[in-house]
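Visitor: Produce the entire structure from the sequences given, and follow the hints as far as they go.
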Amino acid sequence: MIRDALSKGTIYGLLFVGGGLMLLPFFWMLSTSLKTPNEVMLMPPRWFPAHAEWQNYVKAFQMAPFGRYLVNSVIVTVLSTLGELITTLLAAYAFSRLAFWGRDVLFSLLLGTMMVPGEVLLVPNYVTLSKLGWIDRYEALILPWTASVFAIFLLRQHFLSVPKELSYAARVDGAGDFRFLREVMVPITRPALVTIVLLKTIGSWNAFLWPLIVTNSREMRTLPVGLTAFTTEAGTAYELLMAAAAFVILPMIILFLMLQRHIVEGLSRAGIKG
Amino acid sequence: MRVELDAVTMRFGDVAAVDGLSATFESGELIGLLGPSGCGKSTTLFMLAGLYRPTSGEIRFDGTVVNDVPPERRSIGMVFQNYALYPHMTVFDNIAFPLRMQKVPKAERQERVLEMARLVRIEHLLGRKPAQLSGGQQQRVAIARSLVKRPKLLLLDEPLSNLDARLRLEMREEIRRIQRAVGITTVFVTHDQEEAMSLSDRILIMEGGRRQQFAAPQVMYDRPASRFVAFFLGNPPINLLSARYRQDGSVLVFPDGTRLAVDPTPYAGLDDELPVTVGIRPEAATVQAPDEIRSLDDTGHFIGTVAYRETIGRDTLIRVDLAEGVLRLLVPAHETPPLGARVVVIPDRTRLHLFRESDGRALHKDTPDDAQATRRVG
Chain C
1 MIRDALSKGT IYGLLFVGGG LMLLPFFWML STSLKTPNEV MLMPPRWFPA HAEWQNYVKA
61 FQMAPFGRYL VNSVIVTVLS TLGELITTLL AAYAFSRLAF WGRDVLFSLL LGTMMVPGEV
121 LLVPNYVTLS KLGWIDRYEA LILPWTASVF AIFLLRQHFL SVPKELSYAA RVDGAGDFRF
181 LREVMVPITR PALVTIVLLK TIGSWNAFLW PLIVTNSREM RTLPVGLTAF TTEAGTAYEL
241 LMAAAAFVIL PMIILFLMLQ RHIVEGLSRA GIKG
Chain Z
1001 MRVELDAVTM RFGDVAAVDG LSATFESGEL IGLLGPSGCG KSTTLFMLAG LYRPTSGEIR
1061 FDGTVVNDVP PERRSIGMVF QNYALYPHMT VFDNIAFPLR MQKVPKAERQ ERVLEMARLV
1121 RIEHLLGRKP AQLSGGQQQR VAIARSLVKR PKLLLLDEPL SNLDARLRLE MREEIRRIQR
1181 AVGITTVFVT HDQEEAMSLS DRILIMEGGR RQQFAAPQVM YDRPASRFVA FFLGNPPINL
1241 LSARYRQDGS VLVFPDGTRL AVDPTPYAGL DDELPVTVGI RPEAATVQAP DEIRSLDDTG
1301 HFIGTVAYRE TIGRDTLIRV DLAEGVLRLL VPAHETPPLG ARVVVIPDRT RLHLFRESDG
1361 RALHKDTPDD AQATRRVG
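Note that the protein sequences, when read in sequence, are chains C and Z. Quick note, the first sequence lines up with residues 1 to 274 if you use this note's numbering. Quick note, the second sequence lines up with residues 1001 to 1378 if you use this note's numbering.
Do not rely on the hints blindly, as some may be mistaken.
Unchecked claim - Each computed DSSO-like pair below joins lysine-lysine, with the alpha-carbon atoms no more than 27 Å apart: (1) Z:K1103 x C:K164; (2) C:K164 x Z:K1129; (3) Z:K1129 x Z:K1103; (4) Z:K1152 x Z:K1103; (5) Z:K1129 x Z:K1106; (6) C:K164 x Z:K1152; (7) Z:K1152 x Z:K1106.
Honestly, the hints are just simulated from the structure, not real lab data. This structure is a prediction, so every number in the text was calculated from the model and none was measured.
Guide: If you want it as structure tokens, here you go:
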């Protein structure tokens, strides 16, 4: 009993410390966003602002067209997530359920591309897109991100764990491949799909380098790129940057809270069923 | 529906899982595909379903070649070993799925699902998910789903192997009842000879991708076409002893010198000095105390020692050690000799099975094999 209580206490203590450390940057962001410019630079730093400067949020919004950035971010995130979901479903199904010539070699090649670091692809991708005349357009922001080898791999493994007899049964019952994919495979592997969507959405929402490279005009910028507006030759307006950043991460936090149950389910199920 | 297999072969790479299989299943029959694992019985079932395409040979449904007809257009229903119920759908939706694929209107769908649920007696479970059902209930749902399309051929892959012993007996009767009620031609795969014997109208027994024999269960038990069939059917299994046939005096001579007189007339090819395997069913011999043998000549019995006994209800299974070889025999429980007793074993001569030692074929002239089929005749 006592040992139980002790070990429980230790566990919760460690979790509390770990959770606190995780939350610290968020707290610092919120705290900074409510400070005056002078207070931001104060040494030693102050944990809490003397007076909450809610005005910072208004000012931040006036400094850059955040409405436009938001629209861009939403368009890019939604479309690239949707695109990735479709390509992933089709590819994972083909690699796990269809028999075609060269399937396994092709899949190995696909996995091989995961070894290539993303930075190496920046230049060739940019050149390709510029030849297509897509620089500074939504195509450039979305299309290169509508397929993910990792997602295909992840979903394929989940598909493989679904008994083969189910697809046989569906065929005997008169369901074609698309029907079977939609009505049986997708519902069964929903936790994995939620994980994929969530990872993609976060990645896409937070993407910085690529949107920065392929956009020139203000109108095409996404939120993370837009945050650079607070950095000028004269320095960085940290309190405004933090106010804007707090606004940028808000949708992701809401999304996470909404899907939290599915993520935990997906992870725990991955553990049991493999 | 009448189902014909005509020299059907299925190769996976270099391996012939099914090798020149021919057989005809009559309309309304319940056929058991029996054999050890890897004998090609499941492959045969999958070819009937259209999930595998035979490498060569023809499969005909009511005279029409169906080799290239996809599963959904073959009018078949299939039940898989693990039932393959859609885990995210309720029982109702599972049974309705094939109808939904056929675009059957909702009202009719409802009616037909209910009709099937009543047939397999699961009306009260329609709202549940498969995970909330017992094995037997899942099996019933799978059967209902396979029959709801009103197929003409029902295929069952090891239908009872995932159930516990008691439930197996129950579902055995249920499958028989449902099959009778619907009157559908049914083929089921099993490796359990008892299951095949009790359930089938006829058994097609396979080994190494080839047909060993195709006949009614009792016929097959009484007149096995080969040593393999004789050994596969029956529990406890048949006793097999090596011997030579001696024309002089019509006797089988065993290695230990025991001689057994045999009437050669029902056998074909029983040449002098032919090495044979003699099969004696455990129930086809009587066991006596040695002092009773004086009246007998010396060509009708074995002498041995009771080495083991096991009570299995009405009968007792005993093992008699001979000078060379052993016999496992069933004797009435109240006549069981004690352990260690010297006994005389008198086989029933009319129920002896003789097989050619070299290839295991039965030597009896009358070994029915229904489909010495379509093409092999002549």
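Visitor: All hints, please: hold or fail.
Guide: The hints, checked one at a time:
1. Z:K1103 x C:K164: Given pair K1103 (chain Z), K164 (chain C) holds - Cα atoms ~25 Å apart, limit 27 Å.
2. C:K164 x Z:K1129: Holds - the C-alpha atoms of K1129 (chain Z) and K164 (chain C) are around 20 Å apart, at most 27 Å.
3. Z:K1129 x Z:K1103: holds (23 Å)
4. Z:K1152 x Z:K1103: Holds, at roughly 19 Å.
5. Z:K1129 x Z:K1106: holds (21 Å)
6. C:K164 x Z:K1152: holds (24 Å)
7. Z:K1152 x Z:K1106: At roughly 23 Å apart (the allowed maximum being 27 Å), K1106 (chain Z) and K1152 (chain Z) satisfy the hint.
The structure is consistent with each of the numbered hints, conforming to all of them.
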